[in-house]
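Participant: Chain order of the listed sequences is G and F.
Counting in my numbering, the first sequence runs from 1 upward without gaps.
Counting in my numbering, the second sequence runs from 271 upward without gaps.
Rather than coming from a laboratory, the hints here were simulated on the basis of the structure.
Beta carbons: idealized from backbone N, C-alpha and C, even for Gly.
Everything hinted at is true.
Per label pair, the in silico range of CB-to-CB distance:
hint	chain 1	residue 1	chain 2	residue 2	range
1	F	293	G	147	29 to 37 Å
2	G	264	F	285	46 to 54 Å
3	G	137	F	293	39 to 47 Å
4	G	243	F	420	54 to 62 Å
5	G	243	F	384	23 to 31 Å
6	G	19	F	365	47 to 55 Å
7	G	137	F	311	42 to 50 Å
8	G	264	F	369	41 to 49 Å
9	F	420	G	9	47 to 55 Å
10	F	289	G	147	35 to 43 Å
11	F	420	G	204	36 to 44 Å
12	F	388	G	22	29 to 37 Å
Residues per chain, in single letters:
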Amino acid sequence: MAVQLHPMESILKRNNVNVIGNGDQVMLFAHGFGCDQRSWQFVVDAFTDDYRVVLFDYVGSGKSDLSQYSSAKYGCLDGYAQDILEVCEALSLRDVIFVGHSVSAMIGALAAVQNPEYFKKLVFIGPSPRYLNDEGYTGGFERADLESLFEFMDSNYLGWSSTMAPAIMGNADRPELGAFLTNSFCATDPEVAREFARVTFFSDNRADLAKLTIESLTLQCDEDIIAPLAVGEYVHSHTPKNELVILKATGHCPHISEPVETIKAIKAFI
Amino acid sequence: MAKEKTKELLTHVIDPETLYDQAPCGYVTFKPDGSIIKINQTLLNWLNYPAEEVLYKKKFGDFLSKGGHIHYEMFFRPMLNVSGSVKELSYELQTRQGTHFHVLFGAVALKNKNGQIVAVNAILTDNTDRKRYEQELLSARKQAEKEKLNLQFLADLTPDLIWTSTPDGTIDYINARFADYFQVSERMFTQEKFLSSIHPDDQTEFQTTWAEKLDHGDVLSHDLRLRNYRGEYRWHLVKSVPHYNDQREIVKWFGSCTDINEHKLALTKKDEFISVASHELKTPLTSLIGILQVLENLKSTPSSPMLGDFIDRANKNAKKINSLVGELLNVGQLTAGQLRINKEYFNLYELIENCCQYVRTEHVFQVTINGNPELQVYGDAGRIEQVIVNYINNAVKYARNSGQLIISFDEHIEYIKVAVTDNGPGIPEEKIPFLFDRFYRVDTGGSQYAGLGLGLYICAEIVKKHGGQVGVDSVLGQGSSFWFTLPISPDQH
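If we strip away everything but chain G, and leave its shape as in the complex, we get (with noise of 0.2 Å):
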């Protein structure tokens, strides 16, 4: 029988919010897509000395309750973003510094175009307003590319990745890292990871931009494929107020692969 919850701390749950850190100035940080938020642990305890930071789940990763997942709510970044702004207002936060990666950065604008009074400051690390190539437009992916991962994903998810988690999870030196693995990649249902992952990649928010007001920064990687050069130029010349920072890292993680640069980069901004 599920438990009936205070609507306040059926969203926390909802989200597997978690609160950590010191400090007035909160900073929410948002996963990507196919991650959960202990994608954020290479970084985040650069800030919870002086930030009390507060770290959730989109529903469907992580651990989140993944009964609450509906289809028609979550079937384009709407329902995510009205996910944000639940956790603000179940935590009464004000002037938030929201930290959004990949497809969360777009997550984040729309919330923050919805209800600017909640945020401060906004860091987009590898945003991308619309992956598809459109005319004049370089999202850097064609239809195609996209169905290929697709099907990619599919095999990846129901061939082999039950193969994968045992082995990760005798990581001896840093057990942590196997928890994080298991669920990261195998606790997502693979239903939900397929539908975010279509509304993730045809998504469109290019006409979002222009109506942000609050104060953005775009980490911008080296030889990113998923949001290229372009894209983080676009979200740049497109966005009110926003500074953009092209980091040394490569790839479209700069978080997990190159903590150091991206702490260094967002703290700069804050």
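Knowing the structure of chain G, use the given hints to seat chain F on it.
Facilitator: The following block gives chain F in isolation, referenced to the frame of chain G:
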């Protein structure tokens, strides 16, 4: 000593470089950004690249398909960063020629003392075959599902009731029509339910036959009446064939029930008709035979005054037989679609006049003809005459006491309407729709209404051939008006 020797042997036999290059799997080492710094010959062979074009020039991601590359950036790299190793991802690599092969891909991160990754060692195993089997299995499953849907669609669309049963007769599938006919939900049906839906008169025979066929594995073909959900019985042809496996054992029975109700009723009607026709022919024939016997006896006295009378009567009966056979032949032609119409212009008034001659002389009818005496009509005069004579004969037969007969015709814009009106008893409304049907006889019985029930049917077919219509207007107690129309434009039919 032996251990020493083995060691020596091994150093001779196993050259680590050869082992690395010729291994049955691919080895590759790349920097954190993917730049390849070492690669073995096996993998180069698979990719079809010379080493100098790959080392320090290509990144591992360059060989991945786009989907794989995205996955590599989104999943593989973060995973490797946190865990230090990744095992068995399924990737697709592209060769120099642009063809693809599938690999199982595992990697270990080499880190410096600060925990930063300096290089990645990866091992790749070709699993193209396995992938292909998986793909085949997948497409086979898709194909099978598609076929299944197709078959279900066909099975549900066919007008027959379809079912299958296990060798012992348990029904394990029914199609949508079947479920509809008996209005059962969930497509569940039992043999008992089927048996109880059979008309009581047909049950025993069917059960005996069915049991016998089940026993012997023979094809079943049986007519019976099935009760539908409205409680109405309809004739069905039940067929069932056994399906054998390779061991000649019955694995299933496939069955169908075809609605043959109309056919069955038509057959019954035909049987009735044959009996009526035989009876109708028999009456004048019996008379004729009787008369011929009398004539036989009169042979010796050819001067008998009765002779002329008997010959007249014989003629009358022979004519009656001739006319009955003529009707039968007409029907035969109609059924075979061989009724020929030869159209020409003729004077309708004159034609009607001719038809009435015998009624005027033989019967006590007062016949009036109303219509333009000059009107020329385009049609088969002989056939139209046949129709009018038939209408008149019907009036004479069924409105004997009418005394009055009006034959009228008038011109309308597109057609000419001819009507034969009596002031007889009229026809009950419920019988009107069937009057022009084949084999329909007004079932009042008695010899005064003798006939084959074909006359009006033939009339209707003739008029139809001309492109016209037939009909009756009748009021009980006041009389009936049989009419037909002929289109005016000659090219209309």
